[in-house]
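Trainee: Let the sequences and hints guide you as you build the complete structure.
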Amino acid sequence: MQEAMIKRAKELLADGTVNRVIGWKRGEFVYDSTPAVFGTADEIDAEFVFDDFTQANVSKYLVKESKKDGKILAFLKPCDTYSFNQLVKEHRIIRENVYVIGIPGGPKLDIEKIKAKGITGILNVKNVNYTLEIETLYGTEKLPFYEAISGKCADCKSKKHVVYDELIGEDGDVLDSNRFDMVEKLENMTAQERYDFWRGELSKCIRCNACRNVCPACTCENCVFDNPKSGIENKAAADSFEENMFHIIRAFHVAGRCTDCGECSRVCPQHIPLHLLNRKFIKDINSLYGEYQAGADTTSKSPLTDYRADDCEPSIVHERGVE
Amino acid sequence: MLKISADKLNSLFDAVSAKQSLYIPVDRESGSAEYRKYKSGMEMSKCLNTVRSAKDFFFPQTENLADFKMNGKNIEVIDVREECEDFVIFGVRACDARSFTILDKVFLAEPVDSYYKNRREHGTVVTMACTRPAETCFCTAFDIDPTSPEGDVAVFSDGESYFFKPNNDKGQAFIDSIADMLEDGDTAELAQVQSNTRKIMQMLPLANLSTDSFGGEKLMEHFNSEKWANLSESCIGCGTCTFVCPTCQCYDIRDFDTGNGIKRFRCWDSCMYSDFTKMAHGNPRNTQLERFRQRFMHKLVYFPANNNGEFGCVGCGRCLAKCPVSMNIVKVMKALEEK
Amino acid sequence: MQVNENFEPVIVAFCCNWCSYAGADLSGTNRLNYPANVKIIRVPCSCRVNPIFILRAFQRGADGVIICGCHPGDCHYTSGNYFTRRRITLLYSMLDFLGIERNRTRLEWVSAAEGAKFADTMNKFVEDVKKLGKNRRLEDLRCRKQ
Numbered sequence: 000m001q002e003a004m005i006k007r008a009k010e011l012l013a014d015g016t017v018n019r020v021i022g023w024k025r026g027e028f029v030y031d032s033t034p035a036v037f038g039t040a041d042e043i044d045a046e047f048v049f050d051d052f053t054q055a056n057v058s059k060y061l062v063k064e065s066k067k068d069g070k071i072l073a074f075l076k077p078c079d080t081y082s083f084n085q086l087v088k089e090h091r092i093i094r095e096n097v098y099v100i101g102i103p104g105g106p107k108l109d110i111e112k113i114k115a116k117g118i119t120g121i122l123n124v125k126n127v128n129y130t131l132e133i134e135t136l137y138g139t140e141k142l143p144f145y146e147a148i149s150g151k152c153a154d155c156k157s158k159k160h161v162v163y164d165e166l167i168g169e170d171g172d173v174l175d176s177n178r179f180d181m182v183e184k185l186e187n188m189t190a191q192e193r194y195d196f197w198r199g200e201l202s203k204c205i206r207c208n209a210c211r212n213v214c215p216a217c218t219c220e221n222c223v224f225d226n227p228k229s230g231i232e233n234k235a236a237a238d239s240f241e242e243n244m245f246h247i248i249r250a251f252h253v254a255g256r257c258t259d260c261g262e263c264s265r266v267c268p269q270h271i272p273l274h275l276l277n278r279k280f281i282k283d284i285n286s287l288y289g290e291y292q293a294g295a296d297t298t299s300k301s302p303l304t305d306y307r308a309d310d311c312e313p314s315i316v317h318e319r320g321v322e
Numbered sequence: 000m001l002k003i004s005a006d007k008l009n010s011l012f013d014a015v016s017a018k019q020s021l022y023i024p025v026d027r028e029s030g031s032a033e034y035r036k037y038k039s040g041m042e043m044s045k046c047l048n049t050v051r052s053a054k055d056f057f058f059p060q061t062e063n064l065a066d067f068k069m070n071g072k073n074i075e076v077i078d079v080r081e082e083c084e085d086f087v088i089f090g091v092r093a094c095d096a097r098s099f100t101i102l103d104k105v106f107l108a109e110p111v112d113s114y115y116k117n118r119r120e121h122g123t124v125v126t127m128a129c130t131r132p133a134e135t136c137f138c139t140a141f142d143i144d145p146t147s148p149e150g151d152v153a154v155f156s157d158g159e160s161y162f163f164k165p166n167n168d169k170g171q172a173f174i175d176s177i178a179d180m181l182e183d184g185d186t187a188e189l190a191q192v193q194s195n196t197r198k199i200m201q202m203l204p205l206a207n208l209s210t211d212s213f214g215g216e217k218l219m220e221h222f223n224s225e226k227w228a229n230l231s232e233s234c235i236g237c238g239t240c241t242f243v244c245p246t247c248q249c250y251d252i253r254d255f256d257t258g259n260g261i262k263r264f265r266c267w268d269s270c271m272y273s274d275f276t277k278m279a280h281g282n283p284r285n286t287q288l289e290r291f292r293q294r295f296m297h298k299l300v301y302f303p304a305n306n307n308g309e310f311g312c313v314g315c316g317r318c319l320a321k322c323p324v325s326m327n328i329v330k331v332m333k334a335l336e337e338k
Numbered sequence: 000m001q002v003n004e005n006f007e008p009v010i011v012a013f014c015c016n017w018c019s020y021a022g023a024d025l026s027g028t029n030r031l032n033y034p035a036n037v038k039i040i041r042v043p044c045s046c047r048v049n050p051i052f053i054l055r056a057f058q059r060g061a062d063g064v065i066i067c068g069c070h071p072g073d074c075h076y077t078s079g080n081y082f083t084r085r086r087i088t089l090l091y092s093m094l095d096f097l098g099i100e101r102n103r104t105r106l107e108w109v110s111a112a113e114g115a116k117f118a119d120t121m122n123k124f125v126e127d128v129k130k131l132g133k134n135r136r137l138e139d140l141r142c143r144k145q
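Protein chains in written order, with numbering that gives the first Met the number 0: chain A, 0 to 322; chain B, 0 to 338; chain C, 0 to 145.
Among the hints, a few may not be true.
For lysine-lysine, the following DSBU-like pairs were computed, each having C-alpha atoms within a straight-line distance of at most 30 Å [said to hold, decoys possible]: (1) B:K116 x A:K203; (2) C:K129 x C:K116; (3) B:K68 x A:K228.
Just so you know, the hints here were simulated from the structure itself, not pulled from any lab data.
Mentor: Next comes the structure, spelled out in C-alpha cells:
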C-alpha cells in the first residue's frame with residue numbers, strides 16, 4: 000500500500016495537480032510516525048510511511064493547510080473522511096483546495112497496548128500472519144495481532160469512505176459495530192457506580208488538552224477554557240468539579256458534530272476512555288432524534304441545530320434506565 | 000552493602016509507612032504506573048517508570064498559595080501553608096532523581112520558593128537503579144548513570160535482594176532508621192547486574208544521541224534555524240509533553256473567586272499554550288512555531304546558558320512515549336544537528 | 000437515604016422573561032407560597048441557558064437547578080425553547096451518565112398565566128431535592144461555605 004501511495008503522490012506532484020502532500024513521516028522507532036506535509040518527491044521517498052502504526056487522523060491539519068496557496072493531497076482513512084466531511088460542512092476546510100485519496104483503514108496497532116503487556120525495549124514489530132513478532136532488547140516476544148489493535152479500530156463503525164476524489168484499494172461498508180456496548184453497560188449501573196467509575200477515570204486527567212487539541216470537531220479559534228473573558232478559563236483542574244466541568248462541556252460542545260473518530264482516547268496520556276462521553280451523546284441522539292452520523296454528508300442539519308415539535312421532554316432522562 | 004531480601008520488601012514498606020507517609024510506584028489497571036501513598040498490601044510496580052513524573056511531590060500541579068477574605072474595606076490575607084510532614088518517595092529512577100537537581104536550580108535560587116523548599120526538606124528520595132531500560136531512554140546523553148542513581152538513598156536490585164546505599168546524610172539517617180531490618184550482603188552479583196545494564200544502555204537505539212551541538216553558545220544558530228517551521232508543523236499545541244516532563248517548571252498564578260473569598264493558587268503552565276505568558280499587550284509568542292521553539296530552546300540552549308551548561312532535559316523518554324503526534328525532543332535534536 | 004429534616008436546599012431557577020418569570024410574579028400577587036430556597040435568575044429565553052450556567056450553579060453551591068420556559072410552540076422568539084428542549088435533554092442525560100443524581104435537574108414549561116403551576120412546580124422540586132440532601136457530587140470544595 001505504501002508503495003502505491005508514494006507512486007500516486009509523486010505523479011500528482013509531478014503533473015501539478017497538487018503542490019503538497021499530507022501523510023505520515025517515519026519516526027525514530029518502528030511505531031512513532033508523525034503527521035507531516037511533504038513538498039517534494041525526494042522528501043516523500045525519504046520519509047513517507049504508511050503502516051500498521053500510522054493511526055493519526057490528519058483531517059484537522061487541513062483546516063490550516065487548505066487555506067494555503069495551491070492544492071494539497073490528503074490520504075484519508077475511512078474514519079478520517081468523516082472528520083474531513085464534517086469540517087467541510089462547517090466551512091472550516093476549503094474543499095476545492097484538497098485532493099482526497101481514500102486509503103484503506105485499520106485495524107491499526109497501538110504501541111501502548113503492546114507496552115501494557117510488559118513488553119519493553121521495542122526495536123521492531125513484524126506482523127506475520129496476524130501474529131506480531133516483537134523484537135526487543137530482551138529477546139523476541141509474540142503477541143496476537145488483535146490484542147494490540149487500537150481501541151478506536153476495535154470499535155470500527157465504518158470502512159466506507161464518505162468523500163474522496165479517488166481511491167486506492169477497495170471501498171468498504173458501514174459496519175454493524177458494537178461500539179455502544181460499554182455506554183450501555185454504564186447506563187445499567189447504579190448512579191453511585193457510574194459516579195465512582197467516572198471519578199476514577201476523570202481524576203487521572205492532567206488537563207494537558209491533548210483530547211481537545213487533537214479533536215477534529217474542536218476547531219474554535221479561542222476555546223472557552225482558554226478565554227479569560229469566559230469566566231470558566233482554567234489551566235488546571237484545581238478541584239474534582241473542574242475535572243468534570245471540562246469533560247462535560249467539551250463533550251457537549253462537540254455533540255452532534257463528533258464523528259466518533261476516537262482520537263481523544265487515543266491521545267490521552269492517562270488512557271481515560273473519553274470517547275464514551277461522546278458516544279453517550281451519539282447514542283442519545285440516535286435513540287431520541289433518529290439515527291444520525293456526523294460527517295456522513297455535508298448537507299443535513301445537525302441534531303442540535305434542528306428540532307421537531309413533538310420531540311421528547313427532558314423528563315425522559317428521569318424516567319428511563321437505572322437511577 | 001546493607002540489603003533486604005525481595006520477599007521482605009513489603010514488611011519494610013509497612014515499617015516505613017508506620018512512621019511517615021510513603022509513596023511507591025504501583026501498577027494501574029491499564030498497564031501503566033503511578034505513585035500512590037503506600038497502604039499495606041500494595042505491590043511495587045515492575046514498570047520502568049510512572050506516566051507522571053516524581054516532580055509532583057515537590058512541585059504539585061496545583062497548590063493553594065494564600066486565601067483572601069474581605070471584611071468591609073479590609074482584606075485579610077491568610078497563609079494557608081500547613082507544616083509539611085516528613086515523607087519518603089521510594090523507587091524514583093535516575094532520570095527523575097536528576098530532575099530534582101534541575102528544579103532546585105530554579106526554585107531554590109534567590110528568591111527561594113519557600114513552598115517548594117519546604118517540601119524538598121521534608122522529602123526523602125529513595126531511588127532505584129534501572130535494570131531494564133526502554134527504547135525511549137536517553138539519560139546517558141545527559142551524563143546520568145541509571146545503574147547508580149542520585150537521590151538521598153540509592154537502591155540496587157540483583158533480583159533477589161535490594162541493596163541500600165546512602166548518598167548523603169539524609170540518606171544515612173533513613174538507612175539508620177530501618178537498619179534493624181537490613182543485613183549485610185555480598186555485592187558480587189550486583190556488580191554483574193550493573194555491568195549488564197550498562198551493556199544494554201549502549202545498545203539502546205538512542206545511545207549515541209549527543210548534546211555536543213547544543214548549549215548556551217549556540218543561541219542564535221538554533222534560534223534562527225529554518226528547521227523549526229517543518230518541525231513545529233505537526234505540533235497540536237497540547238501540553239502533554241510539558242505535563243509528563245520531570246523538568247518543566249513553568250507555572251501560572253491565578254485567583255479563584257469562591258463566592259466567599261479569594262483563593263490564590265498556582266498551577267502548571269505550558270509554553271505550548273496560546274495564553275502562556277500572556278500580558279496586557281498580548282502574547283509574546285503568537286504562532287505555534289514560536290511556542291514550540293521556546294520549549295526546546297529552553298531545555299537545550301537557555302537553561303544551560305544560565306546554569307553552567309546543565310541541560311534542562313534528563314532523557315526519561317516520557318514525551319517520546321506520550322506525544323499524540325510523536326514529535327519530541329529527540330527528533331528536534333537530530334534535525335537541528337543536521338547541517 | 001436518611002432525610003435531614005432541617006436541610007434547606009439551594010435551588011437555582013432559570014426563568015424565561017416572557018413566561019415563567021411573569022408566572023413567578025403572578026404566583027406572588029396571588030399570594031401563593033413557594034419556598035424561599037428558590038433563587039430566580041431571569042433569562043431572555045430558556046434557550047439562553049448555556050450548559051456552563053447550570054454547572055456553575057452547582058459549583059457555587061446549588062443543590063438543584065431548574066429551567067422554566069414557555070410551552071413548546073409559544074416561544075417569544077418562535078423556536079428558542081425547542082432548541083432548549085433538545086440541548087437540555089442531552090445535558091441532563093449526560094449528568095445522569097456521570098452519576099449525578101437525576102432529581103437535581105429539571106425542566107418545566109410554565110406560562111405567564113400559570114402562577115399556580117409555578118408555585119406547585121417549585122414546591123415539588125424543593126421537596127425532591129430535599130430528599131437527595133446536599134449536592135456533593137458536583138460541588139467545588141473550594142466554594143463550600145466555612
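Trainee: If a hint holds in the structure, say so; if it doesn't, say that too.
Mentor: Hints versus structure:
1. Using a Cα cut-off of 30 Å, the hinted pair B:K116 and A:K203 holds, with the two alpha carbons roughly 26 Å apart.
2. Under the criterion of a C-alpha separation no larger than 30 Å, the hint pairing C:K129 with C:K116 is consistent with the structure, at around 20 Å.
3. A threshold of 30 Å between alpha carbons decides the hint, and for B:K68 with A:K228 the separation of about 24 Å falls inside it, so the pair holds.
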